[in-house]
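Engineer: Protein sequences, first through last, are from chains A and B.
With the numbering used here applied, the first sequence covers 6 to 118.
With the numbering used here applied, the second sequence covers 6 to 118.
Any given hint might turn out to be false.
Simulated pairs of lysine-lysine, DSS-like, Cα-Cα distance not exceeding 30 Å [unchecked claim]: (1) A/Lys106 / B/Lys110; (2) A/Lys31 / B/Lys47; (3) A/Lys106 / B/Lys73.
Bear in mind the hints are in silico, worked out from the structure with no lab data behind them.
Keep in mind it's a predicted model, so treat the numbers as computed, not measured.
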Amino acid sequence: DAGVTQSPTHLIKTRGQQVTLRCSPKSGHDTVSWYQQALGQGPQFIFQYYEEEERQRGNFPDRFSGHQFPNYSSELNVNALLLGDSALYLCASSLTLAAGKLFFGSGTQLSVL
Amino acid sequence: KQEVTQIPAALSVPEGENLVLNCSFTDSAIYNLQWFRQDPGKGLTSLLLIQSSQREQTSGRLNASLDKSSGRSTLYIAASQPGDSATYLCAVFVDGANSKLTFGKGITLSVRP
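Required output: the full structure, derived from the provided sequences and hints.
Structural biologist: Okay, structure coming up:
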């Protein structure tokens, strides 16, 4: 049983570019959340998707957007990249919307130059 | 607003020591609390999850306790080993309309041979 998978593992972009990160949830999970972890910090909640809709959102600008597909996989898009967007982006899946146990992927390390 | 604090930020101990990692949170209305392990540049591995109605959970050499009323949790690691060297993150999950994990910044543990 595959766990949460994320791609790519590493990415280098320049300021102003756009990036798309991908996540496949654990088998049987229908809820996907995205977190941003800056160096030396704890992960910060970006947003959560359930039934192909954004259900809640953390304190992130509209440059951060997402999508969930009918197979429950998800994408995180970031437009107009800033140096400060450099971070580890973590995807987590859970069994239902309010399930308390989240399973995390290995993350995508994004570097913005 | 829920805030999670982990102090100290870093800890270095000799191999074989029993140690306690502390976590505090400001709002006691939590659904559960999780302890995660993170190796450098990697994703999160769930170590222990304590439901709000529980007082402690054990897994091998790890024991986590929860005192909701005082907003505290501890992670006890028995007979520490160099392989335990990693960052340990505490996170609380709040149920309902704003269900998400709120993380502390983590404690970076180094176990010296």
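Engineer: Hint by hint, which ones does the structure fall short of?
Structural biologist: The structure breaks none of the hints.
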